[in-house]
Amino acid sequence: MNEQTDILIVEDDQDDLDLALHALEREHLANKIFVARDGEEALDFLFCRGAFADRSFEHPPKVVLLDLKLPKVNGIEILKQVKSDPRTKSVPVVILTSSKEERDLMESYNLGANSYIQKPVDFKQFRETVKSLGMYWLLVNQVPASNGISRAKGVGRS
Amino acid sequence: MTQAGTAIAPALGTPVDTGPALRFLLLEDSDDDSELVTHQLKSGGFHFTSETVKTAEQFRQTVRTLRPDIILADYNLGEWRGMDALDILREESMDIPLILVTGALGEVTAVDCIKQGAADYVLKGGLTRLPLAIRRTLEDKRLREQRKHAEEELAAKVKELARSNRDLEQFAFVASHDLQEPLRMVAAYTQLLAERYRGKLDENADKYIGYAVEGALRMQALIRDMLAFCRVGRTASDRNHADCNAAVRAALLNLRATVEETGTVVTYHQLPFVAADPTQLIQLFQNLIGNAVKFHGKEKPLIRVSAERRDDKWQFAVADNGIGIAPEHKDVIFVIFQRLHARNEYEGNGLGLAICQKIVEQNGGKIWVESEAGHGSTFLFTLPARCERERA
Amino acid sequence: MTAEKKPEILLVDDNPADLYLFREALGAGEVESLLTTVPDGEEAIAFLYRSGKFQSATRPDLVVLDLNLPRKDGRGVLANAKSDPNLRLIPIVVFSTSCSRTDIVDCYALGANCYVSKPGSLGDFRKAVQSIEHFWLRVARPSA
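Chains as they are written, first to last, in my numbering: chain A, 1 to 158; chain B, 1 to 392; chain C, 1 to 144.
No wet-lab data here; the hints were simulated from the structure. Positions of the beta carbon are idealized from the N, C-alpha and C atoms, including for glycine. One or more hints might be untrue.
Distance condition first, Cα-Cα at most 25 Å in a straight line; then the derived SDA-like pairs of lysine to any residue [claimed, not checked]:
(1) B:K54 / B:A104
(2) A:K119 / C:R88
(3) A:K32 / B:A104
(4) C:K82 / A:K32
(5) A:K83 / C:P39
(6) A:K89 / A:K124
(7) C:K6 / C:P39
(8) C:K5 / A:K32
(9) C:K5 / A:I76
(10) C:K82 / A:K124
(11) B:K366 / B:A104
(12) A:K131 / C:P39
(13) A:K124 / C:A109
Some chain B residues flagged as far from chain C (calculated, every beta-carbon gap over 12 Å) [claimed, not checked]:
(14) D167
(15) T190
(16) A221
(17) R256
(18) T264
So the derived label-pair ranges between C-beta atoms look like this [said to hold, decoys possible]:
(19) C:R59 / B:D167: 48 to 54 Å
(20) A:Q14 / B:R309: 54 to 60 Å
(21) A:V73 / B:N245: 30 to 36 Å
(22) B:R163 / A:R26: 50 to 56 Å
(23) C:D124 / B:Q270: 55 to 61 Å
(24) B:R163 / A:E77: 24 to 30 Å
(25) B:Q338 / A:N110: 54 to 60 Å
(26) C:D124 / A:M106: 34 to 40 Å
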C-alpha cells in the first residue's frame with residue numbers, strides 16, 4: 001500500500017473514536033485515516049508486519065494519535081518502541097489521553113512523545129481539540145515524507 | 001621488389017594524379033605478373049610507389065611498415081591464398097582495401113570473395129579495368145572515413161549538449177531556490193507597508209506601494225512555479241506503481257478551497273495504476289484540474305477524468321466545460337512561460353502546462369489538447385501501464 | 001501553569017525582519033503570551049540554563065527555533081536541550097526557511113517536537129505563527 005496515510009488513530013473507546021473521526025472528516029483534513037483498536041494492531045501497522053506486511057517504512061503516517069489506555073499493548077509501550085527504532089522514530093506521536101497522571105505526562109515526554117494532550121471531558125471541546133490537532137499536525141507541521149506539493153489557495157495556478 | 005612510378009609523360013591535356021604518392025602493396029608470386037600490374041598502374045596515371053611480397057610473413061611485416069593505401073592480391077600464392085591476407089588485416093586491425101587481381105577464379109566465384117571482404121576483383125586478362133577499380137575503391141574508403149568522422153563529432157557534440165543542459169537546469173534550480181528568501185522579505189514588508197500606511201501618506205505613495213506589492217507577489221509565484229518545473233525529474237522514486245485514484249484524491253484535497261468556491265464537480269471512476277512517479281502524478285492532475293476550474297465559463301465547472309487502455313499505455317482525458325482554446329493556440333499553451341490571457345483576466349505564470357508536459361514526457365508519454373473556443377477542453381495524455389510482474 | 005501567569009515563548013532567530021514579523025503575528029493572535037528573542041544558539045542555551053546575563057530568566061513554555069544561526073546553530077540547540085532531562089520536556093518547534101528533507105529528518109532525529117517551514121506569503125506566515133501559538137500554548141498540555 002503506497003498511498004500516504006495521513007493519520008493513525010490508536011483508540012479503543014468507541015465514543016471517543018466516533019467524535020474524533022467526525023471532527024476530522026468535517027474539516028476535510030485527511031484523506032486516509034487508519035484506526036487501530038489495540039496496541040498490537042498499531043505496532044503491526046507502524047512496523048509494517050503481520051497483516052500490514054505490504055506497507056513500507058517510506059510512507060509512515062503523518063501523525064499518530066495515541067491513547068495510553070489500550071488493550072494488548074499499552075500506549076507507553078507503543079511509544080517506547082516507536083521512538084527507539086530509527087525506522088519509526090521520526091513519526092510524530094501525539095498522546096491524546098484521559099489520564100491526568102503527572103507520571104504519564106513526564107514519562108511520555110521523556111520517551112519522546114511530540115506532544116501530550118488531555119482529552120477534554122466536554123464533547124464539544126473534545127471535537128475542537130481534535131480539529132486543532134488535525135489542522136496543526138496535518139497542515140502546519142512538516143514531515144520528511146511530505147510530497148512537497150502545496151495546497152492551492154482561492155485562485156488556482158496556471 | 002620496390003618500384004617507384006610516375007605517370008608516363010602525358011600528352012598535353014591528359015589528367016595526371018597530383019598529391020602524395022599512393023602506396024600499393026602487391027601480393028604476387030610471379031614477377032611477370034607483378035610487372036604487368038605496375039605497368040597498368042603507370043598508364044592509369046597514378047603517382048605511386050609499390051612493393052611486392054610473396055609470403056604471409058612478408059605481407060604481415062610489410063603491411064605494418066609500409067601502411068599501403070591499397071593491396072592488390074593474386075588469388076593463388078602457392079602455399080597460401082590472397083584472400084587469407086584479409087584475415088591478417090583483421091588481426092592487425094587495419095582497414096586497407098584489397099583488390100583481387102587474378103586469373104580465372106575457378107570454382108570460387110568473385111561474388112564470394114567480395115562477400116568475404118575483398119573490395120573488388122580484376123582479371124589479369126582485363127587489367128585495363130584496374131585503374132578504375134582502384135579509383136572507385138579509394139573513393140569508397142574516403143567516404144567511409146568521412147562518415148565515421150562525422151558520426152564521432154556528432155556524438156561528442158551530443159554529450160557536450162547534455163552536460164550543458166544539466167548545468168543549466170542545476171543553475172535554474174539553485175537560483176530559484178536562493179531567490180526565495182530575499183523575495184520573502186520584500187513581499188512581506190511591502191505588504192506590511194501597505195497595511196500600516198494605506199491612506200496615511202499621499203495617494204501616490206499608496207499607488208507605488210500597491211505596484212511594489214503586486215510585483216513582489218508575482219515574483220514569488222513565478223519562482224515557486226519555476227522550482228516546481230525544475231524539480232520534475234530531480235528526485236528519483238519508485239516508478240512502477242502509482243495509483244491514479246489516489247493521485248486525483250490528493251490533488252482534489254490540495255484544490256479543495258478553489259473547488260468549493262466555484263462549486264466545481266469532479267468525477268472520476270476506477271482509474272488505473274500506471275508506471276510513473278506518484279508525486280509527479282499528483283502534480284499533473286492538480287495542474288490540469290486546477291486549470292479546468294480556473295478557466296470555467298458561465299456554468300458551474302464540470303470536470304471528468306477518465307482513462308482508456310491503448311496497447312501498453314493508458315490514455316487519460318481531463319474534460320471540462322470551460323472557455324475552451326482556439327485551434328491556433330493548441331500547441332503554444334504547452335510552451336514554458338507562454339500565456340493566452342492578460343494578467344488581469346486570469347492569474348498565472350505560464351508554467352502549469354509546461355510542467356504537465358515535462359512530467360508526462362519524463363514518464364514516457366505524450367500530452368495534447370482537443371478543444372474549441374467556447375466549448376470546453378479535453379486534455380489528453382498517455383502514460384505507460386504498470387508492469388504486471390516486478391523486474392529484478 | 002497557573003491561570004494568571006502568561007505563557008512564555010523563546011524565539012531563536014538571527015533575522016531581525018523575521019523577529020519583527022513573528023512578534024507582530026503573535027500580537028494579533030488570541031493568546032496573550034510573552035515573547036523573548038535571542039539571535040543565536042549560544043544565547044538560547046544560556047537562556048535555557050539561566051546562565052550569564054539570563055540569570056533571572058524564566059523557563060519558557062515553548063521554544064521556536066530557526067536552524068541557520070551564528071555561533072551555535074539550531075541543530076546544536078536541539079542536541080543540547082533534548083539530551084538534558086531538565087530541558088527535554090520543553091517543546092521545541094523548528095521554524096525555518098529550509099524545507100530540505102535532510103534538515104527535516106535531522107531535526108526529528110534530534111528530538112524536535114515538530115517542524116514548520118516559514119511560509120512564503122505574509123498571510124500564511126501569520127497563520128503559521130498563530131497556529132503554533134494556539135496549539136502549543138492552548139491545546140497541548142505543557143510540561144511542568
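Report task. Measure nothing beyond the straight line between the CA atoms of C:K5 and A:K32; if it is 25 Å or shorter, mark the hint as holding. Result -> Distance of about 40 Å is beyond 25 Å: violated.
Report task. Test the statement that B:R256 is away from the interface with chain C: the closest C-beta pair must be farther apart than 12 Å. Result -> holds (16 Å)
Query raised in the report: If you check the beta carbons of C:D124 and B:Q270, does the distance land in 55 to 61 Å?
Result: violated (36 Å)
Report task. Starting from A:K89, check that the Cα of A:K124 is at most 25 Å away, please. Result -> Judged against 25 Å, a Cα distance of about 32 Å means the pair is violated.
Query - Restraint check for A:K131 with C:P39, where alpha carbons must lie at most 25 Å apart - result: violated (34 Å)
Query raised in the report: Is the hinted range of 48 to 54 Å satisfied by the C-beta distance from C:R59 to B:D167?
Result: holds (51 Å)
Report task. Grab the minimum beta-carbon distance between B:T264 and chain C and tell me whether it stays above 12 Å. Result -> About 23 Å separates B:T264 from the closest Cβ of chain C, which puts it past 12 Å; holds.
**Report entry** Outcome for the supplied range 54 to 60 Å, where the beta carbon pair is B:Q338 and A:N110
**Finding:** holds (57 Å)
Requested in this report: Given the range 24 to 30 Å, decide if the beta-carbon distance of B:R163 to A:E77 lies inside it.
Outcome: This hint is violated: roughly 55 Å between Cβ atoms.
Requested in this report: Take a quick look at whether C:K82 and A:K124 sit within 25 Å of each other, Cα to Cα.
Outcome: violated (35 Å)
Query raised in the report: Lying within 54 to 60 Å: is that true of the beta-carbon distance A:Q14 to B:R309?
Result: violated (44 Å)
**Report entry** Minimum Cβ distance from B:T190 to chain C greater than 12 Å, as the annotation requires
**Finding:** Non-interface label fails for B:T190: nearest chain C Cβ at 9 Å, not farther than 12 Å.
Going down the numbered hints, you'll see the structure goes against 3, 4, 5, 6, 8, 9, 10, 11, 12, 13, 15, 16, 20, 23 and 24, while the others check out.
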